[in-house]
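Participant: Using the sequences and the hints, build the whole thing.
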Amino acid sequence: EAEVAQSPRYKITEKSQAVAFWCDPISGHATLYWYRQILGQGPELLVQFQDESVVDDSQLPKDRFSAERLKGVDSTLKIQPAELGDSAMYLCASSPIRQGGIQYFGAGTRLSVL
Amino acid sequence: GQQVMQIPQYQHVQEGEDFTTYCNSSTTLSNIQWYKQRPGGHPVFLIQLVKSGEVKKQKRLTFQFGEAKKNSSLHITATQTTDVGTYFCAGDKYGNKLVFGAGTILRVKS
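Protein chains in written order, with the working numbering: chain A, 1 to 114; chain B, 1001 to 1110.
Read the hints as simulated data drawn from the structure, not as lab findings. No false leads were slipped in.
Below are the DSSO-like pairs computed for lysine-lysine, each with C-alpha atoms no more than 27 angstroms apart in a straight line:
(1) K1036(B) / K11(A)
(2) K1097(B) / K1036(B)
(3) K78(A) / K1097(B)
(4) K71(A) / K1097(B)
(5) K62(A) / K1097(B)
(6) K1097(B) / K1070(B)
(7) K1056(B) / K1097(B)
(8) K1051(B) / K1036(B)
(9) K1051(B) / K1070(B)
(10) K11(A) / K62(A)
(11) K1070(B) / K1056(B)
(12) K1057(B) / K1036(B)
What follows is a set of in silico ranges between Cβ atoms, one per label pair, in the way DEER data are often shown:
(13) V1044(B) / I97(A): 11 to 21 angstroms
(14) T1027(B) / G40(A): 22 to 32 angstroms
(15) Q1058(B) / E1(A): 12 to 22 angstroms
(16) K71(A) / S1052(B): 38 to 48 angstroms
(17) E1017(B) / L114(A): 35 to 45 angstroms
All C-beta atoms, glycine included, are put in the ideal place defined by N, C-alpha and C.
Facilitator: What follows is the structure in structure tokens.
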């Protein structure tokens, strides 16, 4: 069964450092999402891509976060500089349709900022 | 903005007892989805409800979508230890982003 691939699984960094997370969606899925999940809460959307275009980044802290999906396939989420409050699980999900479709989540990257 | 509230936050049941979690949206939804996240895992899609008053069943799980399309529930009959995890509802408002509730953590005592 096809899966959403994410790496790394775990990342420990010091505040003010730069970190990057990678996601490879299920083949053929045009829509890709990045979510942040704080312990004890539901996933919160950071950015949504349709192919290579950003559809929604209204909740992305753009002063420190950036995301790209240059060829409309895999995607990278970057944080620079990392802050203590960024410690969370970063989940990537993909969907075969743009809106209202089932989302398939990757295993996530757990970030700890010290 | 759109908000999705879930109750209870946490429930601990004896194996064999029933379990219900409730989801309420501040706005009318086009559809609602339910996901399960096992401890240490990632959310996994369970079901999508689209029609007003819709009821769907998956083995021991029963999902309902309210008549006003603003609330939903998930009921598990005769819980098993494999049901342990966090159950999230996620509301989709006519083409806007999917908004997740905070989830209900289910623990099952054997």
